[in-house]
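Once you've looked at the hints, go ahead and assemble the two chains, each given alone in its own frame, into the complex.
Here is how the chains run, residue by residue.
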Amino acid sequence: MDSSKFSFSRIGRSKLSGDLIFEVVVGFFALGIIVLAFLLFRELFVGSSLSRDTFGTGFLATSTWDPVNEVFGALPFIFGTLVSSFLALIIAVPFSIGIAVYLSELAPEKLKYPLSFTIELLAAVPSVIIGLWGIFILAPFIRDYLAPPLSTYLGFLPLFQGPMYGLSMLTGGVILAIMIIPITSSISREVIMTVPTHQREAALALGATGWETTRIAVLPYARSGIFGAVILGFGRAIGETMAVTMVIGNSPRISESLFSPSYTMASVIANEFVEATSNLYISSLVEIGLLLLLISVIINIIARVLVWRLLKVEGGGRV
Amino acid sequence: MRWNKRKLTDRIMSFLAASCVVIAVVPLLSILYTVTVNGLSSINIDFLTKLPRPVGEAGGGLGNAIEGTFIVVGIACIIGLPAGILSGVYLSEYGDNRFGRFVSFVADVLAGTPSIVAGIFGYAFIVLYFGSFSAIAGGVALSVLMVPIVTRTTEESLKLVPGSIREASLALGIPGWKTTLYIIISTARGGIITGALLSIARISGETAPLLFTSFGNMFWAGGIDKPVSTLPVQIYTYAITPFPDWHAKAWGGALVLIILILILNIGVRLFTKKKYGM
Chain R
1 MDSSKFSFSR IGRSKLSGDL IFEVVVGFFA LGIIVLAFLL FRELFVGSSL SRDTFGTGFL
61 ATSTWDPVNE VFGALPFIFG TLVSSFLALI IAVPFSIGIA VYLSELAPEK LKYPLSFTIE
121 LLAAVPSVII GLWGIFILAP FIRDYLAPPL STYLGFLPLF QGPMYGLSML TGGVILAIMI
181 IPITSSISRE VIMTVPTHQR EAALALGATG WETTRIAVLP YARSGIFGAV ILGFGRAIGE
241 TMAVTMVIGN SPRISESLFS PSYTMASVIA NEFVEATSNL YISSLVEIGL LLLLISVIIN
301 IIARVLVWRL LKVEGGGRV
Chain X
1001 MRWNKRKLTD RIMSFLAASC VVIAVVPLLS ILYTVTVNGL SSINIDFLTK LPRPVGEAGG
1061 GLGNAIEGTF IVVGIACIIG LPAGILSGVY LSEYGDNRFG RFVSFVADVL AGTPSIVAGI
1121 FGYAFIVLYF GSFSAIAGGV ALSVLMVPIV TRTTEESLKL VPGSIREASL ALGIPGWKTT
1181 LYIIISTARG GIITGALLSI ARISGETAPL LFTSFGNMFW AGGIDKPVST LPVQIYTYAI
1241 TPFPDWHAKA WGGALVLIIL ILILNIGVRL FTKKKYGM
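Going down the list, the protein sequences come from chains R and X.
The first sequence lines up with residues 1 to 319 when you count with the working numbering.
The second sequence lines up with residues 1001 to 1278 when you count with the working numbering.
Source of the hints: derived by calculation from the structure; they are not laboratory data.
Please note: incorrect hints may appear among the correct ones.
Unchecked claim - Label pairs and their calculated CB-CB ranges:
#1 X:1011 x R:201: 18 to 26 Å
#2 X:1048 x R:71: 41 to 49 Å
#3 R:66 x X:1270: 49 to 57 Å
#4 X:1189 x R:38: 40 to 48 Å
#5 R:165 x X:1026: 18 to 26 Å
Glycine included, each C-beta is placed from N, C-alpha and C at the ideal position.
With the rest of the complex left out, here is chain X (with noise of 0.2 Å):
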């Protein structure tokens, strides 16, 4: 009778623990769902290309969303993939002491900083100083975000490259800075590249620190010190209204958003997966 009891036990966790999954699965199920369903019946060559119309035109599209998201995202990683890469390199290959470990330390904390903090951060860094909202202050908020995830995924496939290869090169008296560029980096490309475009999919989608940075333009970009549309912010702002023609469009935008995202997403786990057999 006892065993039963244990043994019912047993089965009845297993099977609240796999229910927790099932049950945590749903709303990511319900959400593709519904972005596929209403966003693929404003889809249209015109949503794609098109200037947004103004409220009770029919017509019209996202293109330019489009492009601003691409300019703002361009622009953080213009900023913020080398000096995310470099500063992986510095902890992985110098960083083995009291600086190293700080900086460390204080590119975790930072990447934690909640998003809204970022656009702050932005508006008085570049809003401020130039006086006007701009593509280079939404680029420069998104990169704060970018730079501690390079940072660290960087940092961690470095130190993943076995020390006999270092060690070869090195005895074969090739400089240790030539060994790190050429050899180390290249050996570790594919982990590098992985934690970039997975970083590019974070940053592509917040919307937080764009808001008041590089706020949003109802026409094509007019250059990247004057304020640009992008994808989440014009999501945003679409699905805030109460007109039900907006709401159609906000679902079509969110979802190219999401394909864009997911592409990397899954294409990169996909090449990780093969590569590292996990």
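Only chain R is shown next, with the shape it has when bound in the complex (with noise of 0.2 Å):
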């Protein structure tokens, strides 16, 4: 790829008056880019005008959601989000670096595509979907077989008390975790992948076994890219929306007990933006919006210095 380092910016272009029109054409487009991310920040922000005047900074620290008197705060929505995002990368972290170990570690070399193939075609299932199978699979299997248990042996901690109804916080962080698997555990494969071969030959030389291989030599070179990919996984679970709008039970209160309902700054917006009929609901509604955003924009870009830190070195990665 690096035969690619050849660019027509730097031919003189006095004579070529057709390259010139091309490549304003072509800028113009890639122009448009910046002006659309432009346009998206400046909808919400001035569709939050109303509702960032009237509460301030409290409205982040407010727990009332209350539309019939108009007052409005986010912080339910805020922990909703944050909870079950930690909560899907408490648990799909360690399945995402095991997967990403073995496929580009230690699988037969024959199963290594196919594999890893079928774990991203999770990736294309639409979320919709996903929720349909939480609400009639997922959520009644946790509120049977996995919910019993845990009250049982880890009932003594507030985590884990009180009733469980299926659609709860546990529910929507399981299915996050199921569905940022693909993305972050194909990252930190192709950041693994990136390691060079005579890391590996140098411990494998020294006499050790595949994992002590990957556990000396491999994994200490891609750490900061598979925290990278951790972080790309967290913005996916922050921005998620239907899947757990399906399944957390969308109930704006902050419980102690992952057994109770809850609610996420993504479901909120899904669920009564059609029905917010005042016009400082609706720009509280997009406020959440706008918290979303900036919160996602901070963490692609957090992640992506992390990981293209080390994928530019081979010639770019398909973040």
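Right under this line is the structure:
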């Protein structure tokens, strides 16, 4: 890919007027992307001005969500989004690293492509279908088979107390974990594959077993990239809407127990935007959208910096 | 003894890593299985061609939602594909400068935009402006998600075209822009089409951006300035009701949608696999 360093912009173009026109035309579309991003921010910023003026920073710290009396605070939703996404990470990260290590280091050569293809196929399933499956298969499964042992053996923790009806923070976290495993594992795999072969050869030459090679020579080398993949998965989890909306129970309260229903920032927008009648109500929902956008932008920037540093060397990764 | 212990650890860790893969595949298989089994029982000709009926009445289908999905995705393609592909051409051929890198960066950040935010954008930008939910608003919201994907995939496939091909074309006296349009783009055609199809597969299943842009409709589409029903939104609407009959419809819709999307995905991957021998 080094051969592609060639660029038309390096040619003197005083006589190439056709080229100039072409460059301006495609450049115009490229500029369109920046305009689009600007408009996106502008619409959300303008749309949320009423809410920002009325509630100020208290919006972030108030847990009242009362459309009747027009008092809005986003705290329960911020709480729901963060807790469900962290829960998803706790479940998904060990699996993703295991998958990435297996598919890049340990799996038989013939199985590598079909297996990674199958895992990435899950990312292609629309989230509304995952949500449908979540309502009718996953939620009852968690209620009947996962929650009882958790409350029996870990019931002394406030996390696993109270009744469990299926639609809960726990179900939301599990479904998010399922949804972010494809992205976290495939980026981790790409990062691990950029580890130079001589790293592995050195460890193997010292007599290390396959796992020891991975542990000593590969994982430390890929650490920051894997961390980036995890953060990217976190970004996905935060922005994920439909599947979570369908299984998390949609109740705006802050509870210690993972068994009680919760509500996320994306879910409240999805559920209430159409019904929102007053300007202040809509504006508050738009402000939640703005927060969501800002958080995901920041997360994406951090993740990309971490992943890029590694993948760039090898000619750019599909992130 | 020590050797055995290390060997044992190696085996255990390999086994654990392999079981991670197995466990991660279980939800996918379960989803495909339940969607197929539950969906097949509600799919028939009426389901694919008729309008929905009110709850309690037997029969009826999702014909209008299937139609609406094609309309909304079509609008998104009309906006998103040219914009994405041309931006990708800029980034690959002229983008080796500060502006190009910035565009590239913004496209990446946009690609991470939560889909619900794209919905708010469609609402604020189109619905409020025209005063009604519409297919156009849905298409615009989806194109926000589509453009960055198409841009990056186009850029990457163009960058895979060897510089020697550009040089050969220029050496024959073909102007730079013609080289790009007729030679570089057609060499990278496979990759560009792949990216476009994958982005279509991705947006076809999106629900969140459509909830308050294209909204929904119990009748056939009445024009692109009117609300239309779409498969994902219809599945969602049916899934959260308490009626078993509508649940069955939701599964049927899910099967239709998943077939459309998986055909696109698997077809594309098989095609590229053969081509690049991955």
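Against the structure, the hints:
Restraint check, residue 1011 of chain X to residue 201 of chain R: a C-beta distance of roughly 22 Å satisfies the suggested window 18 to 26 Å. For the hinted restraint 41 to 49 Å between residue 1048 of chain X and residue 71 of chain R, the CB-CB distance of approximately 47 Å keeps it satisfied. In this structure the hint that residue 66 of chain R and residue 1270 of chain X lie 49 to 57 Å apart at CB holds, the actual value being about 54 Å. For the hinted restraint 40 to 48 Å between residue 1189 of chain X and residue 38 of chain R, the CB-CB distance of approximately 32 Å leaves it violated.
A C-beta distance of roughly 24 Å is found between residue 165 of chain R and residue 1026 of chain X, which places it inside the suggested range of 18 to 26 Å.
Violated hint: 4 only; the structure is consistent with all others.
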